[in-house]
Amino acid sequence: MKILKEKLFQVITYAAALFTIASLLGIIAGIFGRGLPFFGKVSLPEFLFTNSWYPTHAEQSFGAWALIAGSLAVTLGALAIAIPLGLGSAIFIAEIASSRLREIAKPVIELLAGIPSVVYGLFGMAFLAPLVRQWFDLDSGLNLFTASVILGVMIVPIVSSLSEDALSAVPHNIREASLALGATRAETIFKAVVPAAKSGIIGSVLLGFGRAIGETMVVLMVSGGAARIPGSIFDSVRPLTSTIAAEMGETVMCDLHFQSLFALAILLFAITFVTNLLSEAAFGKRRHG
Amino acid sequence: MKKVILTTILLTLLALPALAKGNRLTCSGSTTVLPIAQATAEAFMNANPELDISIRGGGSGVGIAALMNGTVDIACSSRTMKAKEITQAKSKGLNPTPYAIALDGIAIVINSANPVKNLTLKQIRDIYTGKIKNWSEIGGNKAPIVVISRDVASGTFEVFNEKALAGAKVVSTAQLLASNNAIATTVGNTPGAIGYIGLGYLTSSIKSVSVEGISPNSASVKDGSYPLARKLFMYTNGKAAGAANRYIAFIQSAAGQKIVQEQGFITLN
Chain A
4 MKILKEKLFQ VITYAAALFT IASLLGIIAG IFGRGLPFFG KVSLPEFLFT
54 NSWYPTHAEQ SFGAWALIAG SLAVTLGALA IAIPLGLGSA IFIAEIASSR
104 LREIAKPVIE LLAGIPSVVY GLFGMAFLAP LVRQWFDLDS GLNLFTASVI
154 LGVMIVPIVS SLSEDALSAV PHNIREASLA LGATRAETIF KAVVPAAKSG
204 IIGSVLLGFG RAIGETMVVL MVSGGAARIP GSIFDSVRPL TSTIAAEMGE
254 TVMCDLHFQS LFALAILLFA ITFVTNLLSE AAFGKRRHG
Chain B
6 MKKVILTTIL LTLLALPALA KGNRLTCSGS TTVLPIAQAT AEAFMNANPE
56 LDISIRGGGS GVGIAALMNG TVDIACSSRT MKAKEITQAK SKGLNPTPYA
106 IALDGIAIVI NSANPVKNLT LKQIRDIYTG KIKNWSEIGG NKAPIVVISR
156 DVASGTFEVF NEKALAGAKV VSTAQLLASN NAIATTVGNT PGAIGYIGLG
206 YLTSSIKSVS VEGISPNSAS VKDGSYPLAR KLFMYTNGKA AGAANRYIAF
256 IQSAAGQKIV QEQGFITLN
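Chains as they are written, first to last, in our numbering: chain A, 4 to 292; chain B, 6 to 274.
Some hints here could point you the wrong way.
[What the hints assert, rightly or not] If you only want the chain A side, here are some residues facing chain B, beta carbon under 8 angstroms, derived:
| no. | residue |
| --- | --- |
| 1 | Y57 |
| 2 | P58 |
| 3 | A61 |
| 4 | P133 |
| 5 | R136 |
| 6 | D142 |
| 7 | L145 |
| 8 | M224 |
| 9 | A230 |
| 10 | R231 |
| 11 | S239 |
| 12 | E250 |
| 13 | T254 |
| 14 | M256 |
[Unchecked claim] Here chain A is said to cover these stretches of chain B; the calculated rule only asks that three of the stretch's residues, wherever they fall, bring their Cβ under 8 angstroms from a Cβ of chain A:
| no. | region |
| --- | --- |
| 15 | 80-91 |
| 16 | 143-156 |
By construction, these hints were calculated from the structure, which means they are not laboratory data. Even for Gly, the Cβ is constructed at its ideal location relative to N, Cα and C.
Can you make the complete structure from the sequences, with help from the hints?
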């Protein structure tokens, strides 16, 4: 009886794991099945490197370069905000804060991760964007800068909590050795502890990158949505995700425009897949090395 | 005991669709039509408690595709079916039938602090294609125009594209927002902005301009003098029958059209 129960338990967990993998494969097959036929009609270089996205115009054109540039610009902008904030709070929590303060600060920062992205979007659109417009005397507050700030705050918990794990995992004798050699606390943190946790920190940044480039709601609401290469941080941009979200609902199923949106999805999938592989490698290195 | 409860729940879940099928009506489609569909469905279900109408958004394209796949009974659409969709339906042996349920005007909106009162269709076209860049060129203050458009797949864009742009390409610096509400909010807090939204979404922080001297209101939309107007539709496979027929007839009736008006749209006649 006991053996039977044990076996049953194993089968159930095995089935759960199998189901997860099967749904991943199903999603991949679905996206590629609908997106790949697109490249039979529009060449890959034209799709990737030309800059004119008019999918419903009488003379359709599918140049996604401005959308790719939009995604990268918003994501890099978000990282420029999230890395200093996230890494700073991780160092504070892991190295400087007293244990009581740590108990409070860590969950509070992680609370940021629990706010739904549509709430961030609303906040950005109704509150931050008008302020940004006034502060910098702009024509419009819906732009790369505003989107980067909101998205940056959104991914702070990812960078901070994973970096903090990495910092906390650095063995105590490294700190003690450094202090014993006469290094100050700041020198110990930046020359001994942070380098030792390097791969974990890089991994956290890559995960933050993956999260930011895939985020849809915030950029749809706050980035403005002009399909062009941004010339300044106050230009509005249209990332890949918001293009898919905005155009999927009303398009004719299975026509070229529909397929082009799945082609964008393949592109996004490829970007996040590579990022996840890289961060997996970074974390893996830490575990083994 | 636990097992009994679990089995009961599972069985109920399994049996639910079978029980409900007879008096169940499902609609999906255009987000513009959504408020009309929801409000009329509520009123119609109050009068006919045995009926269960479920309404979902998703967009006109999604609704029409769902109708052709047989997953819904009614597709809501803010545009007529496109040639490609009709071909798809024909190839499946289906014959989707449109029922007009309301009229909608598309208002050109600007910030309420903007003194401009009237625009010609040519001026609107020049603004959206990037030829006119400053409000001073068309009698306004010296301030750059912030052009705001809808996502190119929306029904609202389609009508605007056909009637105001005449197929010209929207300038790539134009901002793109995904809903009527988003445009209303943004125009409301951006002094130099211009956008276009369904008449039902006008708020106090924005104002509509007249087009070719005709202001958008129910009279000018009904008699066809206001140039940026459209019909809203519900599609059924073949002629509407049974509950679907009764529901659509209700929307077209005086009581239904009163709800249409309450939702900020314009009645059929």
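Evaluated hints:
1. Y57: Since the shortest Cβ distance to chain B is 6 angstroms, the answer is holds.
2. P58: Check passed: Cβ of P58/A comes within 6 angstroms of chain B, closer than 8 angstroms.
3. A61: 6 angstroms, holds
4. P133: With a closest approach of 4 angstroms, the P133/A hint holds.
5. R136: Since the shortest Cβ distance to chain B is 7 angstroms, the answer is holds.
6. D142: 5 angstroms, holds
7. L145: 6 angstroms, holds
8. M224: Because about 7 angstroms separates M224/A from the closest Cβ in chain B, which is inside the 8 angstroms limit, the hint holds.
9. A230: With a minimum Cβ separation of about 5 angstroms from chain B (threshold 8 angstroms), the hint on A230/A holds.
10. R231: 4 angstroms, holds
11. S239: 5 angstroms, holds
12. E250: Nearest chain B Cβ about 4 angstroms off; hint holds.
13. T254: Hint holds; T254/A Cβ to chain B Cβ min 5 angstroms, cut 8 angstroms.
14. M256: This interface hint holds because 4 angstroms falls under the 8 angstroms limit.
15. 80-91: holds (count 3)
16. 143-156: Result for this restraint: holds, n = 4.
Comparing the model with each earlier hint shows no violations; every hint is respected.
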